[in-house]
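S.K.: With the hints as a guide, bring the two chains together.
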Amino acid sequence: MRKFVIRRLIHLIPLLIGVSLISFFVMHLAPGDPTQLFTDPNVKPEELARIRANWGLDKPIIMQYLFWLKNAVRGDFGIAYMINRPVTEVIFGRLPATLLLMISSMLLTLLITIPLGVLSAIKKNTWFDNFITVFSFIGMSIPSFWLALMLMLMFSVNLGWFPAVGMYNPLLKNPDFVQRFFDVAWHMVLPLLTMTLVSLAGLTRYQRAAMLEILNQDFIRTARAKGLSERVVLFKHALRNALIPIITILGLSLPDLFGGAFIIETIFAWPGMGRLGVMAIFSRNYPLIMGIVVLSAVLIVLGNLLADIGYALVDPRIRYAKK
Amino acid sequence: MKRFKRNKLAMIGSTIVGALVIFAIFAPLLAPYDPSRIVDSDTLPPSIWHPFGTDDLGRDVFSRALYGARISLTVGLVAVTIAITIGTFFGLFAGYFGGLLDSAVMRFVDVMLAFPSIFLILTIQVMLTPNIYNVMIVIGLTSWMGVARLVRGEVLTIKERQYVEAARAIGADDYRIIFKHILPNSSAPIIVAATLGMAGAILTESALSFLGLGVQPPTPSWGNMLMDAQAYLIDAPWMAIIPGLLILVTVLSLYFVGEGLRQALSPKEEIK
Numbered sequence: 001m002r003k004f005v006i007r008r009l010i011h012l013i014p015l016l017i018g019v020s021l022i023s024f025f026v027m028h029l030a031p032g033d034p035t036q037l038f039t040d041p042n043v044k045p046e047e048l049a050r051i052r053a054n055w056g057l058d059k060p061i062i063m064q065y066l067f068w069l070k071n072a073v074r075g076d077f078g079i080a081y082m083i084n085r086p087v088t089e090v091i092f093g094r095l096p097a098t099l100l101l102m103i104s105s106m107l108l109t110l111l112i113t114i115p116l117g118v119l120s121a122i123k124k125n126t127w128f129d130n131f132i133t134v135f136s137f138i139g140m141s142i143p144s145f146w147l148a149l150m151l152m153l154m155f156s157v158n159l160g161w162f163p164a165v166g167m168y169n170p171l172l173k174n175p176d177f178v179q180r181f182f183d184v185a186w187h188m189v190l191p192l193l194t195m196t197l198v199s200l201a202g203l204t205r206y207q208r209a210a211m212l213e214i215l216n217q218d219f220i221r222t223a224r225a226k227g228l229s230e231r232v233v234l235f236k237h238a239l240r241n242a243l244i245p246i247i248t249i250l251g252l253s254l255p256d257l258f259g260g261a262f263i264i265e266t267i268f269a270w271p272g273m274g275r276l277g278v279m280a281i282f283s284r285n286y287p288l289i290m291g292i293v294v295l296s297a298v299l300i301v302l303g304n305l306l307a308d309i310g311y312a313l314v315d316p317r318i319r320y321a322k323k
Numbered sequence: 001m002k003r004f005k006r007n008k009l010a011m012i013g014s015t016i017v018g019a020l021v022i023f024a025i026f027a028p029l030l031a032p033y034d035p036s037r038i039v040d041s042d043t044l045p046p047s048i049w050h051p052f053g054t055d056d057l058g059r060d061v062f063s064r065a066l067y068g069a070r071i072s073l074t075v076g077l078v079a080v081t082i083a084i085t086i087g088t089f090f091g092l093f094a095g096y097f098g099g100l101l102d103s104a105v106m107r108f109v110d111v112m113l114a115f116p117s118i119f120l121i122l123t124i125q126v127m128l129t130p131n132i133y134n135v136m137i138v139i140g141l142t143s144w145m146g147v148a149r150l151v152r153g154e155v156l157t158i159k160e161r162q163y164v165e166a167a168r169a170i171g172a173d174d175y176r177i178i179f180k181h182i183l184p185n186s187s188a189p190i191i192v193a194a195t196l197g198m199a200g201a202i203l204t205e206s207a208l209s210f211l212g213l214g215v216q217p218p219t220p221s222w223g224n225m226l227m228d229a230q231a232y233l234i235d236a237p238w239m240a241i242i243p244g245l246l247i248l249v250t251v252l253s254l255y256f257v258g259e260g261l262r263q264a265l266s267p268k269e270e271i272k
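As you go down the protein sequences, you meet chains A and B in turn.
Count the first sequence with my numbering and you get residues 1 to 323, in order.
Count the second sequence with my numbering and you get residues 1 to 272, in order.
Chain B on its own, in the form it takes in the complex (with noise of 0.2 angstroms):
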């Protein structure tokens, strides 16, 4: 905890990161106006009635990216337990028990990551209704791998650790094993990894609302956002500036609030 405190930018990026998401609890206090709402003429500039302007149908921008970040972080926040949760699970029972289960659950991640994963994603969210819940499940079925491969590696070596080796001796059940003693000790990697996971399924919920196949209008999403602005650029840049600059700011924090978490966590690393 000292070690993270002391990493500035990730000081920065959990600051902004908590921010982020009190605004978001707390979108329907702050947002001046409806978001799906018309309120004034359209595509107005940035001004003080409407600090992000409006945009082509004359909503709110500022109010659509309060509610959009509900969404974005919702589904990034879902997308990755799911990846996390499977990637654990596959990592767990394939390092501990190896053998054939373990080749078995290794080819299948070697299948799933000679996919390019983002025509994997539109491909299912073409067949299926793309809605909400849709884009979280699926992001969160194609983005587990590189958990899996994370905790099986951990798991290989905390194995022949001998606490493991006691535990057994002392006739603990491999169950017992796997969830008392061998997961609270590969946490730490899967927490950067979920951090890091986080900001990847934001992009790729923008991505994907970006294309028309994510969170569906009129719930606004960053994403979805900046499909609208497609349109508009040259009349109402602003549509497309504002949620891409949010998105990037999120993201970037994530990624500075795992990159600190990583160095805090992992020993080998010298502070200076």
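One chain only, chain A, in its complex shape (with noise of 0.2 angstroms):
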């Protein structure tokens, strides 16, 4: 196990170095560079390029990149262009109420789409499946950014329940611990609720599936012919082993999660991560983007790693079969 966590961690660095050269390269891929975005004709051409040497613009895009790789082996991304505060600083920052969101959302999709899948595959082309597949598919197709400005109209502002924007309420004077609690989780509710109904809908599907697969395995079989109780065979021989396919596909699903992440919190101006990446691409942050790319990978390829170990945790085959 030691040596499988190991050896995936070494695969972590070329692939890392990979996605910091492609996105360097993409970035500069354009001519010109950040300083043509200072429209303010007072700025002179001497001052610019002052600017420009003061960010290292001024020589070769490799040398650039291995400056920037030489410094970031070491934990530094630089400092953010205009903002002029570290770029680790500037995420970190932002950083918790991206994962507030994703983790809230993650717990929540897999409280409901357990059981509306595995009741799914085991009420197999009943209405209530028929329902829940057609349910799962409009909730593929559905574009997450309109799903958000449908839920915004709806209950925001027609009904006026939920705050459309925002994180917190900027009235809210000196609040306790509780007060920010409530006013947090009151604004959190239709981000929320956009990304939770998009990921449900594809996993509800595999949970299906995974249930389904299951339920025509041999040992399934058995335990019905040995006289046990459809719902011994159904909670403690099927649904044990329909769980664990899950795992994956959660870890899997890490980059649409984020992907989602950036429009839904640029739509309801939700202060993370993903709304920093866009307005930093917006306005050629280029270390800012930097950072946020690496530091997106690195999450969804540990989010992969730590998959695949839980996978090996829960299922005693691959543990022996990797010996």
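Just so you know, these hints were derived from the structure itself, not from any lab.
Careful: at least some of the hints might be erroneous.
Derived DEER-like restraints, expressed as beta-carbon distance ranges [to be verified]: (1) B:Phe-89 - A:Glu-230: 48 to 54 angstroms; (2) A:Asn-130 - B:Pro-51: 30 to 36 angstroms; (3) B:Thr-15 - A:Arg-180: 48 to 54 angstroms; (4) A:Asn-130 - B:Phe-4: 44 to 50 angstroms; (5) A:Leu-21 - B:Pro-51: 47 to 53 angstroms; (6) A:Leu-313 - B:Ala-104: 27 to 33 angstroms; (7) B:Ser-41 - A:Ser-104: 43 to 49 angstroms; (8) B:Asn-131 - A:Arg-7: 41 to 47 angstroms; (9) A:Gly-166 - B:Pro-51: 34 to 40 angstroms; (10) B:Leu-29 - A:Val-189: 35 to 41 angstroms; (11) A:Leu-48 - B:Ala-104: 40 to 46 angstroms; (12) B:Ile-48 - A:Pro-115: 43 to 49 angstroms; (13) B:Thr-15 - A:Asp-218: 37 to 43 angstroms.
For each residue, glycine too, the CB sits at the ideal point set by N, CA and C.
M.R.: Have a look at this one:
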């Protein structure tokens, strides 16, 4: 097990170098540089040249990349343009909001998707199953940003139940912990609902398929033949095995979750990393973009690794095969 | 084919997709107004004269939606063609030749999959000038990885089959074996992936255009119609509801078709 984890961690290194290399060169694909976004006519050309030199933009791209890589290895991702604070500091300031949203959405999704998928499989081809199937397909087809707009229209504009944007109520003076907690929870309802509904659909399909596959296995027939009650067969034999694949799928869906966060955070003005990323891209804030891409990639790959480890932990077949 | 026909959802899906394609092709004949001209007062609710209402500038939403169908479907089709071509090519060669080429290609796939793809797409679109051609290319270039993995997997099993061995025995070269024997036999999952991929590409295009980085106004696409709608959510909700519903219905239909094809083409699924 330890060997497996170490080997996977070593695999991470070329992967991350690849990710940073591609994003670095993609960023520099376009002619010009971020200083062109300064439209103030009072800025003199020599002033711009000084800024460019200051940001290291006057050197060849290869040198810029190597310089970035050298510092990044030591955990220094440079200073974000305009904001003038270290990239790591800026990102870590925004990360909690994103993680709060993502982890809550993941937990909520699991809580709903497992019973739905399992029930759908048990009641295969009934009206309930058909309903869930159509519902999941709709969930997979709905553009997340449109769902966000519609939820906003319904619950915020028309009904006025939840705030449409932001994370805190700015009018709240010196809130204590409980007040703050409910304030954030209140603001989180709509973004959380959007994210959960979108990821729910696909996962429910997988959970249903996994349960169906297990129900067709020999050991289920054996369990039934032994005369075990249907409840024991379903919950002790089938369910435990059908939960395993969901771990992997959850790991694999991480990039989508991050991608979704970009758009959903932007729409709901949620002060997280996704919104920061979109802002960084629009203003061509190179160091910030690099920091966010690399951090997202690290989180995605670590998520996959955790999923694989989790898989090995719950499924003895894999554990023994690896030995 | 028979199995596909028996699948009700797939039949509904293909009917809708067919209808949309016809609407898109004949948009100039069917649209009552010029999609980019101001034809009436702004933000009129749906009525007999404007079945989907008018938008913030007073353009006819129905006509814009018809022309939007053209753009969205074309972008989806071209993007998925690019993705399928690259993915199939990489998958075929990686799977067939194996060894160093295989690991190089698959590591590259891993790297591409570690990005949140929307991020890569956004970055490229900001750096390049966002226009309809770049949208197609960028979506195509960032969505081929799944196909590559899929095709590689197919090739790995097919190349051990006896007919491949027989072809080799009579002296067929690698090129012939790959394109005459392996590719046709792995086409079923590729077709399914293409259908589902088109659904994904349409979703991505709409998200990009929604952020202002996709199809540029005044050319209407469902995504940029939604971008315009955002500011008028209260005054003209139909501006947001209609393009979104169109995207939803299109993507849903494509999923139904894809799923129907998967069931019809795979021998494993039993039919009920």
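S.K.: If a hint holds in the structure, say so; if it doesn't, say that too.
M.R.: Okay, the hints, checked on the actual structure:
The hinted range of 48 to 54 angstroms is satisfied by B:Phe-89 and A:Glu-230, whose Cβ atoms lie roughly 50 angstroms apart. The given range of 30 to 36 angstroms is respected by A:Asn-130 and B:Pro-51, whose C-beta atoms sit roughly 32 angstroms from each other. Against the hinted window of 48 to 54 angstroms, the Cβ-Cβ separation of B:Thr-15 and A:Arg-180 comes to about 53 angstroms, which satisfies the hint. Checking the proposed 44 to 50 angstroms range against A:Asn-130 and B:Phe-4 shows it is violated: the Cβ atoms sit about 18 angstroms from each other.
Between A:Leu-21 and B:Pro-51 the C-beta distance comes to about 51 angstroms, which sits within the given range of 47 to 53 angstroms. Taking the beta carbon of each, A:Leu-313 and B:Ala-104 are about 32 angstroms apart, inside 27 to 33 angstroms as hinted. In this structure, B:Ser-41 and A:Ser-104 meet the distance hint of 43 to 49 angstroms, their C-beta atoms being roughly 44 angstroms apart. Distance hint check: the CB atoms of B:Asn-131 and A:Arg-7 are about 45 angstroms apart, consistent with the given range 41 to 47 angstroms.
Roughly 36 angstroms separates the CB atoms of A:Gly-166 and B:Pro-51, a value that falls within the hinted 34 to 40 angstroms. Between B:Leu-29 and A:Val-189 the CB atoms are about 46 angstroms apart, so this pair departs from the stated range of 35 to 41 angstroms. For A:Leu-48 and B:Ala-104, the Cβ-Cβ distance of about 41 angstroms falls inside the hinted range of 40 to 46 angstroms, so the restraint holds. Evaluation of the 43 to 49 angstroms hint for B:Ile-48 and A:Pro-115 yields a pass: the beta carbon distance comes to about 47 angstroms.
The hint said 37 to 43 angstroms for the Cβ distance between B:Thr-15 and A:Asp-218, and at roughly 41 angstroms that hint holds.
In summary, the structure is inconsistent with hints 4, 10 from the numbered list given earlier, while agreeing with the others.
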